[in-house]
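Asks: What follows is the residue order along each chain.
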Amino acid sequence: MADILAAAWLIARKDLSIEFRTRSAFFSAVVFALLGLVIFYYAWDPTAVTATDLAPGVLWIIFTFSGLLGLHRSFGVEMADHAIDGLLASPVSREAIFLGKAIANLVFVAAVQAIAIPALALFYNLRLGDVAGPLIAIAILAAIGLVAVGTLFSAMAVNTRLAELLLPMLALPFFVPIVIAAAQATSKLLSGRPVVEAGAWLKLLLAFDIVFVAACTLAYPFTVED
Amino acid sequence: MSSAIVTGASAAPLVEVRGLVREFGSTRAVAGVTFTLAPGECLALFGPNGAGKTTLLRVLAGLLKPTSGSARVSGIQLPGGPLARSRIGLISHHTMLYEALSPRENVSFSAQLYGIRDSRGRVEDSLRRMSMLDRADTPIRSLSRGMQQRVSIARAMVHSPQVVLADEPYSGLDESGARALTALLQELRSAGTAIIVVTHNLAEGLSLATHAAVMQGGKFVRYDSVDRIDARSYTATYREALASSG
Numbered sequence: 015m016a017d018i019l020a021a022a023w024l025i026a027r028k029d030l031s032i033e034f035r036t037r038s039a040f041f042s043a044v045v046f047a048l049l050g051l052v053i054f055y056y057a058w059d060p061t062a063v064t065a066t067d068l069a070p071g072v073l074w075i076i077f078t079f080s081g082l083l084g085l086h087r088s089f090g091v092e093m094a095d096h097a098i099d100g101l102l103a104s105p106v107s108r109e110a111i112f113l114g115k116a117i118a119n120l121v122f123v124a125a126v127q128a129i130a131i132p133a134l135a136l137f138y139n140l141r142l143g144d145v146a147g148p149l150i151a152i153a154i155l156a157a158i159g160l161v162a163v164g165t166l167f168s169a170m171a172v173n174t175r176l177a178e179l180l181l182p183m184l185a186l187p188f189f190v191p192i193v194i195a196a197a198q199a200t201s202k203l204l205s206g207r208p209v210v211e212a213g214a215w216l217k218l219l220l221a222f223d224i225v226f227v228a229a230c231t232l233a234y235p236f237t238v239e240d
Numbered sequence: 041m042s043s044a045i046v047t048g049a050s051a052a053p054l055v056e057v058r059g060l061v062r063e064f065g066s067t068r069a070v071a072g073v074t075f076t077l078a079p080g081e082c083l084a085l086f087g088p089n090g091a092g093k094t095t096l097l098r099v100l101a102g103l104l105k106p107t108s109g110s111a112r113v114s115g116i117q118l119p120g121g122p123l124a125r126s127r128i129g130l131i132s133h134h135t136m137l138y139e140a141l142s143p144r145e146n147v148s149f150s151a152q153l154y155g156i157r158d159s160r161g162r163v164e165d166s167l168r169r170m171s172m173l174d175r176a177d178t179p180i181r182s183l184s185r186g187m188q189q190r191v192s193i194a195r196a197m198v199h200s201p202q203v204v205l206a207d208e209p210y211s212g213l214d215e216s217g218a219r220a221l222t223a224l225l226q227e228l229r230s231a232g233t234a235i236i237v238v239t240h241n242l243a244e245g246l247s248l249a250t251h252a253a254v255m256q257g258g259k260f261v262r263y264d265s266v267d268r269i270d271a272r273s274y275t276a277t278y279r280e281a282l283a284s285s286g
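Each protein sequence line maps, in turn, to chains A and B. Note that my numbering numbers the first sequence so that position 152 is 166, with each residue one more than the last. Note that my numbering numbers the second sequence so that position 132 is 172, with each residue one more than the last.
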């Protein structure tokens, strides 16, 4: 297990170095997230819907779609000059490759969240200070689920001609339970309800993460077998 | 005390392939190939495009599963998992490099994938052998195709593999790069590494090899020991294979 985690970290570090040098996917995702916030802001009628009712949905829709930009890049970087063959021909296990990719994607999504959440608070005049801890917990739990499912489907879609279309088509139905649970939990927090009321949704996110991280890690080797 | 390297036919084979078949749907890319390679032996594999050469190498590299037959590398039945893969160095006409990273970073990443703990010396040595030390920190995307191929070769050699699978390794190399690669492969052979080279250049392949094969339609239509080869008849067979493949 230690070997798998060490190899996964090695691969994640390599992916993050590449993203740090190019920053192409990160800037795309951040710009997409901020533009999404702006569009929702101007489409919003504050006399009809309160900010605390609207913000959770906006936040999780934006994360879902901006996350897809990073997930698509995840295996795309391996396809340039068949770098994936070098990884698959190495003695590193397939599970370590998946976990490495997923860790890099998690850092990517978390970095986008770190910019988008304060921007959301600014646009919708939300006070996040009191709920920052639970909100971070929701964001991390939801990101783990999104990344586990998205990384697997990115691996499946990358070899197809319609990868950019196929990834959202495959992944979005699986994202629905995460978005519902994350949006509901965020809504409870933003409307000032006690954290314990969001507990059931947090447990659902945790259960989703445990099941899908394990299932996707085990399923990944089948996506690279011919 | 030094240990002698046993090479040639008397040693246990490093590569053993028996009746290997690999199909893609109804297409038989490799159709029953059999050969063995002992330490220090080199097989030069010739044949037209689509003959099955790359597929054969991909099966031996653990990237594809055989449909039937058997293949062993260092005595390990393929697909043999991490242990078998750790014995193999794969060179391809695709560089398998990350263009945003430098040669040093690419080779170092590969060394770490192969579990080499203190990899700095090995990385430097691999890059030096391919004359890439002075461009070691330039991003891959800024290098010429030939230089990228040199780095790719350094990447494949950094873990001192027992078996080298080289699929058109000379593609993109200039004269000095080709000379460096030939010298490196000859040195590896002398040290007991078994090598399979796929090339379209008969003279280059035969100068390196102990055995040569012409592949067509997934099969070996000729398989000879190089010292028994009449270069003229071999060229004729190769040309026939190219002509019949269209």
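Treat the hints with caution; some may be incorrect.
Claimed, not checked - So the derived list for chain A, only partly shown, Cβ under 7 Å to chain B, looks like this:
(1) ALA26
(2) LYS28
(3) ILE32
(4) THR36
(5) ARG37
(6) SER38
(7) SER42
(8) MET93
(9) ALA97
(10) ASP99
(11) GLY100
(12) LEU102
(13) PRO105
(14) GLU109
Unchecked claim - So these bits of chain B aren't anywhere near chain A, every CB distance computed over 10 Å:
(15) GLY102
(16) LYS105
(17) ARG112
(18) LEU137
(19) SER150
(20) GLN226
(21) ASN241
(22) ARG262
(23) TYR263
To be clear, the hints were calculated from the coordinates, so they are not data collected in a lab. In this text, a Cβ means the ideal position worked out from N, Cα and C, and glycines have one as well.
Asks: Which earlier hints turn out false for this structure, listed by number in ascending order?
Replies: 1, 5, 6, 7, 8, 14, 15, 16, 18, 19
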